[in-house]
Amino acid sequence: MFEIFASFEVALGLIKGADPELARIVLLSLHLSLLAAIAGAAIGLPLGALIAVGSFPGRRALIVLLNALLGLPSVVVGLVVYLLLSRAGPLGSFGILFTPAAIVVAQTVLVVPIVAALARQTTEDAWNEYREQLTSLGVSRMRAVPTVLWDTRFSLLTVVMAGFGRAASEVGAVMVVGGNIDGVTRVMTTAIALETSKGDLPLALALGVILIGVVLAINAGAYGIREWSARHHG
Amino acid sequence: MAEPAPVMLEARDVSVVLGGVRALDGLSLTLEAGLRTVVLGPNGAGKSVLLRTLHGLIAPTTGTVSWHRPVRQAMVFQRPVMLRRSALANVRYALAVSGLPEPERTTLASSALARVGLADIAYRPARVLSGGEQQRLALARAWALRPGILFLDEPTASLDPGATAEIERVISSIAAEGTRIVMTTHNLGQARRLADEIVFIHAGRVSERTAADRFFDQPASDEARLFLQGELPWK
Numbered sequence: 001m002f003e004i005f006a007s008f009e010v011a012l013g014l015i016k017g018a019d020p021e022l023a024r025i026v027l028l029s030l031h032l033s034l035l036a037a038i039a040g041a042a043i044g045l046p047l048g049a050l051i052a053v054g055s056f057p058g059r060r061a062l063i064v065l066l067n068a069l070l071g072l073p074s075v076v077v078g079l080v081v082y083l084l085l086s087r088a089g090p091l092g093s094f095g096i097l098f099t100p101a102a103i104v105v106a107q108t109v110l111v112v113p114i115v116a117a118l119a120r121q122t123t124e125d126a127w128n129e130y131r132e133q134l135t136s137l138g139v140s141r142m143r144a145v146p147t148v149l150w151d152t153r154f155s156l157l158t159v160v161m162a163g164f165g166r167a168a169s170e171v172g173a174v175m176v177v178g179g180n181i182d183g184v185t186r187v188m189t190t191a192i193a194l195e196t197s198k199g200d201l202p203l204a205l206a207l208g209v210i211l212i213g214v215v216l217a218i219n220a221g222a223y224g225i226r227e228w229s230a231r232h233h234g
Numbered sequence: 001m002a003e004p005a006p007v008m009l010e011a012r013d014v015s016v017v018l019g020g021v022r023a024l025d026g027l028s029l030t031l032e033a034g035l036r037t038v039v040l041g042p043n044g045a046g047k048s049v050l051l052r053t054l055h056g057l058i059a060p061t062t063g064t065v066s067w068h069r070p071v072r073q074a075m076v077f078q079r080p081v082m083l084r085r086s087a088l089a090n091v092r093y094a095l096a097v098s099g100l101p102e103p104e105r106t107t108l109a110s111s112a113l114a115r116v117g118l119a120d121i122a123y124r125p126a127r128v129l130s131g132g133e134q135q136r137l138a139l140a141r142a143w144a145l146r147p148g149i150l151f152l153d154e155p156t157a158s159l160d161p162g163a164t165a166e167i168e169r170v171i172s173s174i175a176a177e178g179t180r181i182v183m184t185t186h187n188l189g190q191a192r193r194l195a196d197e198i199v200f201i202h203a204g205r206v207s208e209r210t211a212a213d214r215f216f217d218q219p220a221s222d223e224a225r226l227f228l229q230g231e232l233p234w235k
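Protein sequences, first through last, are from chains D and U. Numbering follows the numbering used here, in which position 84 of the first sequence is assigned residue number 84; successive positions increment by one, without gaps. Numbering follows the numbering used here, in which position 62 of the second sequence is assigned residue number 62; successive positions increment by one, without gaps.
Among the hints, erroneous ones may be present.
To be verified - Covered by chain U, per the in silico footprint, the following chain D stretches (three or more residues, Cβ under 8 Å): (1) 137 to 148; (2) 186 to 193.
Unchecked claim - Here are some, though not all, of the chain D residues that point toward chain U, as calculated from beta-carbon distances under 10 Å: (3) F56; (4) L134; (5) D151; (6) S229; (7) R231; (8) H232; (9) H233.
Said to hold, decoys possible - Sample of chain U residues lacking proximity to chain D, with all beta carbon distances greater than 10 Å (derived): (10) V97; (11) G132; (12) L159; (13) A175.
The set of hints was computed from the structure by calculation and includes no laboratory data. Owing to the predicted nature of the structure, the values given are computational and were not obtained by experimental measurement. Virtual Cβ for every residue (Gly too), placed ideally from N, Cα, C.
All chains should be built: construct the whole structure from the sequences, respecting the hints.
Spelled out as structure tokens, the structure:
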């Protein structure tokens, strides 16, 4: 018990002192997770809305698949991305294995199903409400996709934040494709895993505190925006 | 009815089966231009389904709905559906979908809002407006499209008398500009005030079609007579 408190004190010291190594890891982590969230949103939001609004054969199967992908074992994702990006793999020529780009790719693969599945649910609720009215106005299904996305924009912000949280808290896939290389691909989660195994609990704990803080702050922000929008836009 | 107006729309032997229920049962109806038709009938008679089928939201299971010339249509629903944007932007959206180019959109949308008395709240988010305001906005949105025919499905069903009077005033102005009106209501006073003719439907068929000034005193069908006496068993 005493050890935890001692570690906590050192951790706070590291955070307050803006320890350069700590700062570098945190910034890299946020940077990569943000890119993955943006890429995941760019793919997942339209995908979710298309499935919600669309009417095509295999739609139900696609929804089941999407929901199943939510539980995708991240280490397996890491392995598949590793195989794709490795020298002998189909995307090996890019030479991005063990670089931050590889981490973003793996994170994006994990973020897309979350964003798409949640966006599908959100936009489908809107579509059920709007369907008759939009059809009456002569809106095609394709035209309805951007309409329902824009109309649920505040809820979708929370969805994208969930994607960001997934990316930021990912360990397994990031470890496999990034390699946890000091100063290059070491992010918060892989650093925590490493420092804990080395016994440097204060640094691990400091990173843990920051990680939780970031995720909390982002979700609080998204919640606040939703509340505001409910009051002002109905 | 001095001279026969040109036929606008013809429904022939239309049946609609929804979820195993026969909502319309071999219904035939011809609508001429220029009138205000109110569709009456007990709950479950098929009034809403009839409007949706004529408007093209529901495909007939059998039978045909044919337009004799291309007519721009619009529909106002019992519960107005507004997009999460300003009142003005909701009208602009409908105009954009209809293919109207940008500079005219805002002008036309603003004038439509002014005509339903919503100019002051053009920039308010549409979904936080009151029920009456939202329904007037729905009318403005439909009006801005300059429809040849406007379907209204119980447009005042959930509104108070003041808001109802406002809506009726707007419907009258739209009709006065030559838009064909086809509406349903449960409010017989409203039917009296707005209708040129009454189409009474019962069990998915047209029981009678009578000029409004005659219908309320001398309905032709037994179903309508019972309905007016409040004796028709409501399903």
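Now the hints, each set against the structure:
no. : hint       : verdict
1   : 137 to 148 : holds (count 5)
2   : 186 to 193 : violated (count 0)
3   : F56        : violated, 19 Å
4   : L134       : holds, 8 Å
5   : D151       : holds, 5 Å
6   : S229       : holds, 8 Å
7   : R231       : holds, 8 Å
8   : H232       : holds, 6 Å
9   : H233       : holds, 4 Å
10  : V97        : violated, 5 Å
11  : G132       : holds, 15 Å
12  : L159       : holds, 18 Å
13  : A175       : holds, 19 Å
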